[in-house]
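There are 2 protein chains.
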Amino acid sequence: MATSAKVTKSESKNNHDAADEQADKEQQELIEQIDEVQNEIDKLNENASEEILKVEQKYNTLRQPFFKKRSDLIARIPNFWVTAFVNHPQVSALLNEDDEEALQFLTKVEVQEFEDIKSGYRINFYFDTNPYFTNDILTKEFHLNDTGDPSSQSTPIKWKEGKDLTKKGSSNKGKKRSHDEQESFFSWFCDHADAGADELGEVIKDDIWPNPLQYYLASEVDEETGGDGGEEELDDEGNFEDEEEPEE
Amino acid sequence: MATSAKVTKSESKNNHDAADEQADKEQQELIEQIDEVQNEIDKLNENASEEILKVEQKYNTLRQPFFKKRSDLIARIPNFWVTAFVNHPQVSALLNEDDEEALQFLTKVEVQEFEDIKSGYRINFYFDTNPYFTNDILTKEFHLNDTGDPSSQSTPIKWKEGKDLTKKGSSNKGKKRSHDEQESFFSWFCDHADAGADELGEVIKDDIWPNPLQYYLASEVDEETGGDGGEEELDDEGNFEDEEEPEE
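Chains as they are written, first to last, in UniProt numbering: chain A, 1 to 248; chain B, 1 to 248.
What the hints contain is simulated information worked out from the structure, not anything from laboratory work.
Think of the CB as a built atom: it goes at the ideal place given N, C-alpha and C, for glycine as much as any other residue.
Heads up, some of the hints might be wrong.
For the chain A half of the interface with chain B, some residues (derived, Cβ under 8 Å), not all of them [stated by the list, open to error]:
id	residue
1	ILE34
2	GLU40
3	LEU44
4	GLU56
5	ILE74
6	ARG76
7	ILE77
8	ILE137
Under the rule of at most 25 Å between Cα atoms (straight-line distance), these lysine to any residue pairs were calculated in the SDA-like manner [unchecked claim]:
id	chain 1	residue 1	chain 2	residue 2
9	A	LYS58	B	ASN60
10	B	LYS54	A	GLU110
11	B	LYS54	A	LEU44
12	A	LYS43	B	LYS118
13	A	LYS69	B	LYS25
14	A	LYS69	B	ASN45
15	B	LYS108	B	ASP146
16	A	LYS167	A	PHE133
17	B	LYS43	A	GLU110
18	A	LYS118	B	GLU56
19	B	LYS43	A	LEU213
20	B	LYS69	A	LEU44
21	A	LYS118	B	ILE41
22	B	LYS58	A	GLU40
23	B	LYS58	A	THR61
24	B	LYS163	B	GLN104
25	B	LYS58	A	LEU62
26	B	LYS108	A	ASN39
27	B	LYS205	A	LEU53
28	A	LYS58	B	ILE52
29	B	LYS108	A	ASN45
30	B	LYS108	B	ASP72
31	A	LYS205	B	ASP35
32	B	LYS43	A	ASN60
33	B	LYS118	A	SER49
34	A	LYS25	B	SER71
Work out the full structure, taking the sequences as your base and the hints as a guide.
If you want it as structure tokens, here you go:
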């Protein structure tokens with residue numbers, strides 16, 4: 001009796017195992033079929049990304065002559081860039097008085113996205129002859145390598161004697177706006193510890209570079225309510241309706 | 001003498017005013033020219049956005065037959081969706097035991113982005129006959145209106161008597177994983193207070209929908225180290241190298 005029961009149970013178990021095995025096999029086949037379909041979807045996603053990249057590259061090229069024209073016009077307005085920076089809340093928070101004095105010699109800013117866009121970008125800062133350093137151009141580059149790790153590098157600044165704004169000292173007038181004593185434009189420029197979350201780099205690339213004029217004009221709008229004819233005209237064109245415009 | 005000095009000063013002031021006025025006028029003209037160039041750049045940006053949207057729409061259409069095929073295969077695997085949800089850390093945190101029981105009747109999930117993509121998306125949940133509600137399809141939609149304000153709406157759930165899982169009561173077995181007693185799949189489904197930051201909606205759309213298989217398989221990989229032949233094959237194809245795969 002005990003043996004018979006055992007056999008029955010064993011047979012039942014065998015049957016169950018066979019059914020289980022069959023179900024497992026079918027399920028495994030389904031999973032492999034889903035995986036094949038998924039591969040087709042992934043291929044389409046890759047193709048879509050490539051096509052979108054080509055559109056972005058095409059328009060990057062089309063925008064260049066207008067960026068050039070804009071830069072040439074901006075260079076003729078004294079203190080354009082330092083004004084735009086000071087009027088941007090996030091950038092302003094980083095600037096101390098020394099920064100603002102040195103940035104009065106900043107005549108041109110250029111943001112260049114690398115050809116494949118996702119791999120990084122470069123910001124070129126062009127300076128007039130100035131009392132602080134001898135470089136004409138200071139460049140900071142942000143890279144994503146093949147494994148997606150971010151890194152940055154920048155031009156070594158050739159400081160004139162006693163003028164190194166990244167060094168603490170009596171000549172450093174200290175922070176005007178931020179509580180973090182370590183922050184300044186030039187310490188940001190030389191800092192590569194946090195390339196993956198470089199807030200100022202992103203702000204310049206995504207916020208200021210697309211439309212620096214709105215930041216240059218931001219303070220004037222506050223100071224001269226109503227403004228002159230030209231500014232009213234700009235208002236009418238809706239250029240100050242942008243959500244991202246700082247409301248200081 | 002005093003008068004003479006006054007006149008001189010006044011003349012000087014007049015000259016200075018004239019020079020200032022001239023400089024202001026030139027600067028205003030430069031600003032208007034920059035604004036014109038900026039308008040050209042803005043137009044190019046709009047054109048780029050439109051072209052990219054067209055590429056995205058084209059590939060959305062191309063993906064549809066594969067999504068259909070994938071859905072049909074998935075429907076033949078019992079508990080596919082509830083398993084994928086439970087294996088996703090963020091979704092799992094929202095599910096209580098009642099949710100998991102009810103979601104065993106979920107046979108199909110569909111994410112549909114609206115034609116202009118930016119304006120929102122819809123998630124359709126298809127259910128088998130079940131003890132909880134009489135609906136076949138539960139749909140939650142997320143909209144952005146013209147001014148960019150988000151809103152959401154969802155199918156009213158026709159709960160069977162005493163089965164309303166959004167009502168607190170003795171039949172509610174409570175949260176398994178989260179400390180927030182108010183959260184559950186069905187309370188999320190019916191909640192429209194936070195449409196702009198709907199975490200679960202975004203996770204389903206951006207994380208699970210692009211590749212639900214990886215979440216369905218996630219637990220098997222942990223439980224059966226090495227796995228069977230089929231799984232090893234999937235491994236070889238690199239499907240588990242994805243950064244976003246949960247490592248529980």
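Checklist entry - Holds or violated: A/LYS118 with B/ILE41, Cα cutoff 25 Å? => result holds, 21 Å
Next on the checklist: Please verify whether A/LYS69 and B/ASN45 have alpha carbons no more than 25 Å apart.
Outcome noted: Holds - the C-alpha atoms of B/ASN45 and A/LYS69 are around 17 Å apart, at most 25 Å.
Checklist entry - Against chain B, with CB atoms and a cut of 8 Å, does the hint on A/GLU40 hold up? => result Status holds, d = 5 Å.
Checklist entry - When the nearest CB of chain B is found for A/LEU44, is that gap smaller than 8 Å? => result holds, 5 Å
Next on the checklist: Run the distance test for A/LYS167 versus A/PHE133: straight-line Cα separation, threshold 25 Å.
Outcome noted: holds, 13 Å
Next on the checklist: Checking one constraint from the list: CA of B/LYS43 to CA of A/ASN60, max 25 Å. Satisfied?
Outcome noted: holds, 13 Å
Checklist entry - Do the alpha carbons of B/LYS58 and A/THR61 lie within 25 Å of each other, as the hint requires? => result holds, 24 Å
Item to check | Straight-line alpha-carbon gap A/LYS58 to B/ILE52, limit 25 Å | outcome: This hinted pair holds, its Cα atoms lying about 11 Å apart.
Next on the checklist: Against the 25 Å threshold, does the CA-CA distance of B/LYS108 and A/ASN45 hold or violate the hint?
Outcome noted: holds, 22 Å
Item to check | Restraint check for B/LYS118 with A/SER49, where alpha carbons must lie at most 25 Å apart | outcome: Roughly 17 Å separates the two Cα atoms, so the pair holds.
Checklist entry - Within 25 Å, alpha carbon to alpha carbon, are B/LYS163 and B/GLN104? => result holds, 15 Å
Item to check | Pairwise hint evaluation, B/LYS118 against A/LYS43, where the allowed Cα distance is 25 Å at most | outcome: holds, 23 Å
Hint violations for this structure: numbers 8, 10 and 15, all remaining hints satisfied.
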